Amino acid sequence: MTTTPTSPTDNRVILDDADVARAITRLASSLVEAERGTDRLVLLGIHTRGVPLARRIRASIEAIEGVEVPLGELDITMYRDDLRRQPTRPVGRTRVPVSIDGATVVLVDDVLYSGRTVVAALDALKDLGRPAAVRLVVLVDRGHREVPVRPDHVGRDLPTAADEHVSVLLREIDGIDEVRLGRAPAEPTPTTDREENR
Amino acid sequence: MNGQNWVISGARTAEGTPGDWYISDGHFVEEPASGGTRIDADGLMILPGLVDLHTHLREPGREDAETVRSGTLAAARGGFTCVHAMANTDPVTDTAEKAETIHDLGLRDGSAQVVVVGAITKNLEGRELAEMGLMASSRAGVRVFSDDGHCVMDALLMRRALEWVRPFGGLIAQHAQDSHLAGSGACAHESEISGRLGLGGWPAAAESVIVARDVQLAKLTGSKVHVYHVSTAESVEIIRWAKKQGIPVTAEATPHHLYLGTREIEGYDTTFKVNPPLRTDEHIEALRDGLADGTIDTVGTDHAPHAVQDKDHAFIDAKPGMLGLEQALAVVMEVMVAGGRMSWADLADRMSYAPARLGRVPGQGQPIRVGSAANFVLVDPTARAVVDRNRSASLSRNNPYHGRDLPDPVVATIWGGRLTYRR
Amino acid sequence: MKHLLSAGDLSLDEVMSLLDLAEQMHDVQSRSIKKLPALRGRTIINMFFEDSTRTRTSFELAGKWLSADTINISAKGSSVSKGESMKDTMRTLDAMGVDAFVIRHAGSGTVHQAAGWVRASVINAGDGQHEHPTQALLDAYTMRRHFRDALGAEPGDRPFAGRTVLITGDLLHSRVVRSNVLLLRTLGARTIICAPPTLMPSGAASWPVEVTNDFDAALPEADIVMMLRVQRERMTSGYFPSEREYIAGWGLTATRMARMKDSAAICHPGPMNRGLEISSEAADAANSLILDQVSAGVAVRMAALYQILGGEGDVA
Numbered sequence: 001m002t003t004t005p006t007s008p009t010d011n012r013v014i015l016d017d018a019d020v021a022r023a024i025t026r027l028a029s030s031l032v033e034a035e036r037g038t039d040r041l042v043l044l045g046i047h048t049r050g051v052p053l054a055r056r057i058r059a060s061i062e063a064i065e066g067v068e069v070p071l072g073e074l075d076i077t078m079y080r081d082d083l084r085r086q087p088t089r090p091v092g093r094t095r096v097p098v099s100i101d102g103a104t105v106v107l108v109d110d111v112l113y114s115g116r117t118v119v120a121a122l123d124a125l126k127d128l129g130r131p132a133a134v135r136l137v138v139l140v141d142r143g144h145r146e147v148p149v150r151p152d153h154v155g156r157d158l159p160t161a162a163d164e165h166v167s168v169l170l171r172e173i174d175g176i177d178e179v180r181l182g183r184a185p186a187e188p189t190p191t192t193d194r195e196e197n198r
Numbered sequence: 001m002n003g004q005n006w007v008i009s010g011a012r013t014a015e016g017t018p019g020d021w022y023i024s025d026g027h028f029v030e031e032p033a034s035g036g037t038r039i040d041a042d043g044l045m046i047l048p049g050l051v052d053l054h055t056h057l058r059e060p061g062r063e064d065a066e067t068v069r070s071g072t073l074a075a076a077r078g079g080f081t082c083v084h085a086m087a088n089t090d091p092v093t094d095t096a097e098k099a100e101t102i103h104d105l106g107l108r109d110g111s112a113q114v115v116v117v118g119a120i121t122k123n124l125e126g127r128e129l130a131e132m133g134l135m136a137s138s139r140a141g142v143r144v145f146s147d148d149g150h151c152v153m154d155a156l157l158m159r160r161a162l163e164w165v166r167p168f169g170g171l172i173a174q175h176a177q178d179s180h181l182a183g184s185g186a187c188a189h190e191s192e193i194s195g196r197l198g199l200g201g202w203p204a205a206a207e208s209v210i211v212a213r214d215v216q217l218a219k220l221t222g223s224k225v226h227v228y229h230v231s232t233a234e235s236v237e238i239i240r241w242a243k244k245q246g247i248p249v250t251a252e253a254t255p256h257h258l259y260l261g262t263r264e265i266e267g268y269d270t271t272f273k274v275n276p277p278l279r280t281d282e283h284i285e286a287l288r289d290g291l292a293d294g295t296i297d298t299v300g301t302d303h304a305p306h307a308v309q310d311k312d313h314a315f316i317d318a319k320p321g322m323l324g325l326e327q328a329l330a331v332v333m334e335v336m337v338a339g340g341r342m343s344w345a346d347l348a349d350r351m352s353y354a355p356a357r358l359g360r361v362p363g364q365g366q367p368i369r370v371g372s373a374a375n376f377v378l379v380d381p382t383a384r385a386v387v388d389r390n391r392s393a394s395l396s397r398n399n400p401y402h403g404r405d406l407p408d409p410v411v412a413t414i415w416g417g418r419l420t421y422r423r
Numbered sequence: 001m002k003h004l005l006s007a008g009d010l011s012l013d014e015v016m017s018l019l020d021l022a023e024q025m026h027d028v029q030s031r032s033i034k035k036l037p038a039l040r041g042r043t044i045i046n047m048f049f050e051d052s053t054r055t056r057t058s059f060e061l062a063g064k065w066l067s068a069d070t071i072n073i074s075a076k077g078s079s080v081s082k083g084e085s086m087k088d089t090m091r092t093l094d095a096m097g098v099d100a101f102v103i104r105h106a107g108s109g110t111v112h113q114a115a116g117w118v119r120a121s122v123i124n125a126g127d128g129q130h131e132h133p134t135q136a137l138l139d140a141y142t143m144r145r146h147f148r149d150a151l152g153a154e155p156g157d158r159p160f161a162g163r164t165v166l167i168t169g170d171l172l173h174s175r176v177v178r179s180n181v182l183l184l185r186t187l188g189a190r191t192i193i194c195a196p197p198t199l200m201p202s203g204a205a206s207w208p209v210e211v212t213n214d215f216d217a218a219l220p221e222a223d224i225v226m227m228l229r230v231q232r233e234r235m236t237s238g239y240f241p242s243e244r245e246y247i248a249g250w251g252l253t254a255t256r257m258a259r260m261k262d263s264a265a266i267c268h269p270g271p272m273n274r275g276l277e278i279s280s281e282a283a284d285a286a287n288s289l290i291l292d293q294v295s296a297g298v299a300v301r302m303a304a305l306y307q308i309l310g311g312e313g314d315v316a
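Residue numbers (the working numbering), protein chains in the order written: chain A, 1 to 198; chain B, 1 to 423; chain C, 1 to 316.
Everything labelled a hint here was simulated from the structure, so no lab data went into it. None of these values were measured; they are calculated from a predicted model. One or more hints might be untrue.
[To be verified] List time: in silico DSSO-like cross-link candidates among lysine-lysine, alpha-carbon distance up to 30 Å:
#	chain 1	residue 1	chain 2	residue 2
1	C	K35	A	K126
2	C	K34	C	K64
3	C	K87	B	K319
4	C	K35	C	K64
5	B	K243	B	K219
6	C	K64	C	K87
7	C	K2	C	K64
8	C	K35	C	K87
9	A	K126	C	K87
10	A	K126	C	K34
11	B	K224	B	K243
12	C	K35	C	K2
[To be verified] Some chain C residues near chain A, calculated using beta-carbon distances under 7 Å:
#	residue
13	L5
14	P37
15	A75
All C-beta atoms in this analysis are idealised placements derived from N, C-alpha and C, irrespective of residue type, glycine included.
Here chain A stands alone, though its shape is the one from the complex (with noise of 0.2 Å):
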């Protein structure tokens, strides 16, 4: 639900794949190196693009370290606080596949911007389980926080104006590897961007 390709005028890349992998694998690391290895570490991605994003964060993490770091996956629709807002969504998988009690969640999604998204997903936590410590990871951060939550490792940091929008596309998804930066549509079309949980 990240990135419609949006309209082709306006639109830069701000990463083109190898930046991508660049930033996956600084993630990776410093993740690591923050938390001091890998024990009771248990990656969470967010529907829709967290997901590829955290499995590659552990493809990258097992290259390092040569642990295989559990993979989970978090769908965060019904804790939305716009539910209301909009006709019935699709809802999607959460799959978490070790307990999360005592354990260090990393929670990835691709950009942060409001930070909404981030407070539906520790509501969802917190119905999971009691984590020891809830980390967030995130490939762009681009600013306009509407809630006090800020990210523990950001792959790239990018200041933008409110109408500007910020697509990410990942290769499990949309065929390629990219952010782009854009103008927002004439026509605000409301799942554009990753933070339209406003």
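Chain A is fixed; fit chains B and C onto it per the hints.
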């Protein structure tokens, strides 16, 4: 009641005779009386006042649903000058005293002649005969007897009833429904639709087996049987056969069974719950054929007003019945006359002459000619309107024709020289 | 989706997404905190004009696990029995600002009528002998899982294509069969319905099914053998001569089970009359899905409630 003097100019009769008609002292007369009110009836028809052998006026007992006053006002709006008040009131009309009470209400409140129908059995229970002879000799002069709403299921009791009324020429009118084949849960014509909707089936055979039985009893006793609200092709066939044998059986079709089909109930609209139920096209066609060829003698409305709260229930729990007085003529015009299946003269017969003859009502159902009582209706054969259930004289709103485009024929109704309705 | 009245109102896409959503909900059922916030602030009234512990509990849990406020009204003992019409009862509660009614009523069609009386959404939890759409959905859910998990079928768009479902029992009085026939048509299954002639609905021959009285002949064809309850009272009202004779023709007995395909499974919506339409051997067999059906009930009803109440719409 002598009514006014009238001059009706330019109206054509059902038989096609055009002319001016003069009314004085409640009768058609040769010469215009002085001071007669003139009605310019160019292009209109003058039909004998319609006679309904089958009307539920609900008084006494359910005056919230209908009264003698409101029901006969609705009758007048529909072109009727005579209605037969069914016995299933509260209390049931099963004694001379109760019959006279309703008779008197009719004299006091009626906008049409109210003829009382007596019960065949006490309290309509189908066990013991009601005092039919005393009702016949009462001031009410009851001639038609019916347990309508209930079938006289006991063949022996039916035989006794037919025999009992013979000396005073009573007419036994049967509600033909085998109460085992179509029991309390039966509320929809048994068909693909009842099966799909999960509604209890009321098979056509539950009617025709009783019609077949009663035809045999009419033959056995030599007494007349009148079959109310015939709704199936099989019943029509049996009655046609019986008439050929000379068996004294007559029959009625209602406007709704001539016009509406069982598909109407697909949305579970309880307005369309009626007993017997609305049926399928082949039955509707057979009824129309039967009415056209005279197998079916009369159109009776089975006007059955129900308060809103008696219809706002599960389909199975809602009261059966629908209004009919105000649209009966329109429906018969639409399905029988407009399509050329029946002449206006046939219509006058089925809706006036025949029912008056069967009910032996003096002064009603007479041809439009000098000497006849001045019971008539002026009809515009071309006017049409969309039926609005709220524009009704009835106290109830269970009108199945609501929202339909139908003829809107009744211009004025005159009963005994008295204007009872004028558009 | 404003209401859920008939299984026939659902498109294939809608059915598949409901079943997919039910899979998610089923996961929630196995968590220690069985709660999702999706319907927080919504109010659902379970109006049961007819007793049904199973269906009512299932709807109540579904609502509660989605954080809705659910209220149960057993209308048999409420104002209805004091003469208030169903319409007034519904409108009164509707005026209090309810979001949805889940209705069970003994009269066919009442739930459709109710939908016209109130502003809230209406969900059919069984109307007379007419329909029971969430039962059909949970049956479809259970069957689909069986095809996938036990038979290893690909979870494609049309998991029911090429499958034969045989429904046997008192079809005349069954709302389950009517909803199942509609849903199975949408899903593309081959459906055979089987009953003695006295318990076959009129006009069943025009339904999108094959109709038979011969259970033994149909049994080897079936991938799913769905048995429907036969109330013993039907015997006294003349629908069949004796239990023995019913069982001889239409009971799923141990010996009859031998005629089933090895891969076939047994369903029953409950409550069962063991020893009449179904033997204990069949009910408790390894290939019986009866408890899976019960387990699926809550998940499927959660999915339905979410579809109806999860989005925008100021129903109250």
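*Check each numbered hint against the structure and report the violated ones by number, ascending.*
8, 9, 13, 15
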